[in-house]
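Chain by chain, the residues:
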Amino acid sequence: MTDATLAAPSSVPTGQGSPKGPGPVLSLRGAELTLGDRRLWSGLDLDLFPGEFVAVLGSNGSGKTSLLRAILGEYGLSAGTGEFLGHPFHRGDPRIGYVPQHHLSDAGVMMRGRDLVALGLTGHRWGPGWPSPRRRARVDALLAEVGALAYADAPVGLLSGGEQQRLRIAQALAADPQLMLCDEPLASLDLRAQAEVVGLIDAQRRRRGFGVLFVTHDVNPVLEVVDRVLYLGNGRFRIGPPDEVMRSEVLSDLYGAPVEVIRAGGRIVVVGAPEQPHHPVPRRA
Amino acid sequence: MDGIWGQLFNFSDYGQLFALLHNSVIAGGVLGLVGGMVAVFVMQRDLAFAVHGTSELSFAGGAAGLLFGIGVVPGALAGSLVAAALIGIFGARASRRNSVIGVMMPFGLGLGVLFLSLYPGRSGNKFGLLTGQIVAVDDPRLTVLAVICAIVAIGMLVVWRPLLFASLDPEVAAARGVPTRFLSFVFMMLLGLTVAVSVQIVGSLLVLSILVTPAAAAMRLTHSPNRAVLWSMLFATVSMVGGILLAMGATVPISPYVTTISFTFYLMATGIGALRARRAAWQQSVVQATPGLG
Numbered sequence: 001m002t003d004a005t006l007a008a009p010s011s012v013p014t015g016q017g018s019p020k021g022p023g024p025v026l027s028l029r030g031a032e033l034t035l036g037d038r039r040l041w042s043g044l045d046l047d048l049f050p051g052e053f054v055a056v057l058g059s060n061g062s063g064k065t066s067l068l069r070a071i072l073g074e075y076g077l078s079a080g081t082g083e084f085l086g087h088p089f090h091r092g093d094p095r096i097g098y099v100p101q102h103h104l105s106d107a108g109v110m111m112r113g114r115d116l117v118a119l120g121l122t123g124h125r126w127g128p129g130w131p132s133p134r135r136r137a138r139v140d141a142l143l144a145e146v147g148a149l150a151y152a153d154a155p156v157g158l159l160s161g162g163e164q165q166r167l168r169i170a171q172a173l174a175a176d177p178q179l180m181l182c183d184e185p186l187a188s189l190d191l192r193a194q195a196e197v198v199g200l201i202d203a204q205r206r207r208r209g210f211g212v213l214f215v216t217h218d219v220n221p222v223l224e225v226v227d228r229v230l231y232l233g234n235g236r237f238r239i240g241p242p243d244e245v246m247r248s249e250v251l252s253d254l255y256g257a258p259v260e261v262i263r264a265g266g267r268i269v270v271v272g273a274p275e276q277p278h279h280p281v282p283r284r285a
Numbered sequence: 286m287d288g289i290w291g292q293l294f295n296f297s298d299y300g301q302l303f304a305l306l307h308n309s310v311i312a313g314g315v316l317g318l319v320g321g322m323v324a325v326f327v328m329q330r331d332l333a334f335a336v337h338g339t340s341e342l343s344f345a346g347g348a349a350g351l352l353f354g355i356g357v358v359p360g361a362l363a364g365s366l367v368a369a370a371l372i373g374i375f376g377a378r379a380s381r382r383n384s385v386i387g388v389m390m391p392f393g394l395g396l397g398v399l400f401l402s403l404y405p406g407r408s409g410n411k412f413g414l415l416t417g418q419i420v421a422v423d424d425p426r427l428t429v430l431a432v433i434c435a436i437v438a439i440g441m442l443v444v445w446r447p448l449l450f451a452s453l454d455p456e457v458a459a460a461r462g463v464p465t466r467f468l469s470f471v472f473m474m475l476l477g478l479t480v481a482v483s484v485q486i487v488g489s490l491l492v493l494s495i496l497v498t499p500a501a502a503a504m505r506l507t508h509s510p511n512r513a514v515l516w517s518m519l520f521a522t523v524s525m526v527g528g529i530l531l532a533m534g535a536t537v538p539i540s541p542y543v544t545t546i547s548f549t550f551y552l553m554a555t556g557i558g559a560l561r562a563r564r565a566a567w568q569q570s571v572v573q574a575t576p577g578l579g
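Sequences listed follow chains A and B, in order. Per our numbering, the first sequence runs over residues 1 to 285. Per our numbering, the second sequence runs over residues 286 to 579.
Do not take every clue at face value.
[As the list claims (entries may be wrong)] Footprint (simulated), chain A over chain B, 3 or more residues, beta carbon under 8 Å: (1) 430–444; (2) 447–454; (3) 508–516.
[As the list claims (entries may be wrong)] Cβ-Cβ distance ranges computed for the label pairs, FRET-style: (4) B:V443 x A:A257: 54 to 62 Å; (5) B:V432 x A:A79: 33 to 41 Å; (6) A:R95 x B:V443: 19 to 27 Å; (7) A:R95 x B:F467: 21 to 29 Å; (8) B:G558 x A:S160: 35 to 43 Å; (9) B:V398 x A:A79: 54 to 62 Å; (10) A:G92 x B:L302: 18 to 26 Å; (11) A:A144 x B:G356: 22 to 30 Å; (12) A:S160 x B:T555: 20 to 28 Å.
For the record, the hints were derived by calculation from the structure and aren't laboratory data. No experiment lies behind these values; they were computed from the predicted model shown. Note that CB positions come from ideal geometry on N, CA and C, so glycine has one too.
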């Protein structure tokens, strides 16, 4: 840790018992994010350890995606500190993998699956990148790892949502990340594809040991694999194992309004969580 | 009938004409190579309308250059670079970009018409900026055009991969730290340079036949971005050189020849693409109908 952490108020307790080997890949202390005149969340403390799977939940406009963008260095924190592998958040760290919602409508027909993965491998480098057998082999290996070899030469835009997300994961794995940021990767996928994508990310984080921050509006698809949930709402947050956070009294306390958490048939449904006032999402810089 | 044919195709004294106009052929070939390369990124970034808008301002610049004696090349360059910069700065988002271009384009065209009507010189020159011409490209001018094309080609090679990333997958590219805004501006500048050269050869109204059609045809043949560039360069170069060679003996401007060849490539590529899609769908149905293969 650098002196930036020492400057933070020391009264803040550490998120989890840190003396369990390696330090956190991601560490936020008293972090606050303000966009325009709206404070999305403040006082956020979070340690994400290698191999840990944390789901980020909360209603629309609670700042889930903005948290990812702050970690990517696209938004600056308005207070507190945020560090990735001991360095303040900054743009373009290759050790962070990023999986967005799948939507490649027009551009999707102008490249093949293997082109998408190759972009994750060397797309950020200058120069034309002449064809190389070594790079091709790396791309093939990544495609095989996510089970996407069969459709690697088809245009991305013609693939199903689940197939596109497999390619997205291969693209993010290309840089051998220490942290995987997933921004609603399950949106508009059918249940089977959701389960496949979650299973793939879960298997890879166990195999490769990267931490996962997984933004989702529904906890159920990740309930089996998630270690902790970070619930954002009302400018505040709750963090802990799903059984501790996904409870009526905890969320009612968070929102300061009655919220009911219903468990039925192994599923969790949150009823009555107030929507945040909508804010215009600023375009990324 | 014979008269029209004679005006369109006339190959008498072809050797002498070629000797006189071979600089134009070289200029066209170089432009084809560079234009075909740029065109693929124009398609990926959905900038066809921006190309059209830039070319009209380039036309206005060229006309101003003619009227004020600065020269067509510097005028056209200035016009298209100003347009490209405006689009690059104010048009980061597609909806906004289209309105910027839609406002700018008629204004540029109007200015160009004004400058041309005030120009006292020969009317053939005037028309050329709009519809293309193969007036003898003298050596100094060929050098300027070739140097501009070389700058574009080198610039494109330098930004190639990040530009491809930012064009095809902007969200992940930004997350990986690719400077998407900067690249967008750089590409608009390179595009502006290419347009300025194109305007002087195929004319401002038909720049799209070099900066869109070849890439559109290429994308019917392949889904690989890099292979699309090679096809597009081939189509653009053959259209340009072939168009100029056919136009040499004719009394009509060069643009109809270029656009016709370019369009023919597009039709052929579309036909081949459709055939392939049908064959793929047929094979798919066979696979699905055969148990144990799906």
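- [ ] Find the hints from earlier in the document that the structure breaks and name them by number, from lowest to highest.
- [x] 5, 8, 10, 11
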